[in-house]
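Given the sequences, and given the hints that come with them, work out the whole structure.
So for the sequence shown, UniProt numbering puts the first residue at 1; every next one is plus one.
Derived from the structure by calculation, the hints contain no laboratory data. You can take every hint at face value.
Under the rule of at most 20 angstroms between Cα atoms (straight-line distance), these lysine to aspartate or glutamate pairs were calculated in the EDC-like manner:
no., residue 1, residue 2
1, 282, 303
2, 356, 341
3, 231, 260
4, 101, 73
5, 337, 206
6, 283, 273
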Amino acid sequence: MVVTRKLIKLTIKEKTEILDKLESGVSTKALCIDYKVHKSTITRIKKKKTCLLKYATNMETGPGKRQTLKSCEFPRMEKALYKWFLKQRSENVPISFDIVKAKARKLHEKIKEKTGFFHASNGWVSNFKKRYGLRQLKICGEKLSNKTASVDPFVIRFRNKIKELDLSAEQIYNADESGLFFRQMPDKTLVSLKESSAPGRKVSKERITFLACTNASGTHKVKLFVIGKAKNPRTFKNFQKMPVVYKANKNSWMTYLFFEDWFHHTFVPEVREFLESKGLPKKALLVLDNAPCYLKDNEMKSDDGMITVMCLPPNCTAILQPMDQNVINLTKVYYKKSLLEHLIGNKTTHLEEKIKEFNLRHAICLLASSWEKVSATSIRKCWNMLVKPDVEWSEEDDIPLSILKREIENERAILVSMLQELAPNDSFTNEELNEWMHESAAYQEVDKEAVEIENSDDSEADVIPHPKMKGSVAM
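This is the structure in structure tokens:
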């Protein structure tokens with residue numbers, strides 16, 4: 001009886017690994033056992049050593065899952081196309097499949113490797129993408145909209161201001177607000193080919209705005225300022241020790257009068273109390289972005305003039321503002337984790353009932369707790385762009401910001417496992433999980449720079465806050 005051997009096809013990556021192991025002294029027999037191939041396969045790989053290594057090192061993304069060195073039909077054209085693609089992406093030009101097709105046709109007409117019409121079909125684009133390790137990403141963030149030319153002059157002016165006022169890291173603050181859909185769950189899921197629809201639950205769009213503020217050392221986190229829609233929610237009955245400062249208007253948006261009230265009655269008293277406890281002079285600087293609901297430089301001061309405001313230049317918050325460098329992001333991630341823990345701990349049978357029973361009072365308590373969980377070390381990392389060269393940080397603060405992002409990814413993994421426990425029949429996509437965690441464009445963050453402000457004595461109805469909510473980038 002003839003025993004047929006199962007065909008093992010090695011990838012180019014595995015072939016290069018074999019070459020490396022041969023170079024380090026591993027025997028051919030051992031490699032045959034490890035990779036389950038015949039001795040003749042190892043011999044052929046050794047003969048093609050030069051070609052294999054050249055291919056693997058020339059590819060920007062490595063060999064990937066490719067198994068052969070078979071060349072494409074239009075090697076010169078594709079090489080020129082890939083070179084053009086890299087140049088465009090280095091300039092942050094968005095490239096779609098249709099653009100790649102159109103450019104490929106033009107290059108084919110110019111190079112003319114083969115006669116006849118080149119269709120640049122979907123199949124060709126798919127194979128080109130695999131050959132060169134291309135992938136599709138959603139355009140996100142605000143960095144390209146930022147006026148980077150304004151960054152360095154502001155940093156110099158800011159540091160001069162710090163020296164002029166003789167401020168330490170404990171006396172430098174930053175505040176920024178963000179929206180939070182406080183009981184919203186992911187609303188997308190992976191489905192099988194047999195499913196034509198995915199029955200789900202009603203998406204909650206109940207939103208609050210919270211203002212987070214902390215100093216550069218991370219040693220003083222000011223009590224959160226939360227804005228809701230209901231002035232006297234029923235859930236606040238007998239809520240005597242509220243962990244946040246709460247205000248309300250019909251849109252739950254930040255307004256100038258709300259901010260002014262927070263500055264004089266929350267920020268200034270808390271800062272003075274903190275500085276007194278540390279034995280520091282009762283003077284401080286609050287850094288703000290250019291949202292219309294805030295005032296400009298030196299237009300808002302404490303009654304003694306010792307606590308002042310300094311504003312960032314327009315369109316630079318994504319680069320300079322500490323709260324935008326993952327402080328708010330991390331707070332939201334902790335909140336989502338606490339939300340899932342609350343829902344899992346609730347013994348109600350159905351998830352829909354658990355969500356309905358979760359109210360504004362629960363949300364405020366979880367949000368305040370999440371704000372407290374943000375560590376001083378994490379906060380200090382987010383101030384590096386503005387403050388680090390002028391203050392003394394501990395050795396732990398030399399860890400790069402990527403460590404903080406890794407912390408967020410670790411929390412994301414925990415959230416995934418908790419979602420699976422809470423909703424075992426759902427399988428959420430990575431994109432949806434990211435949007436839910438950080439409440440990015442899909443959840444319609446408020447566009448702060450489109451706010452219209454009307455000076456009025458009425459803190460609710462007469463103040464024109466942000467206009468209609470629309471899609472914006474993640475904070």
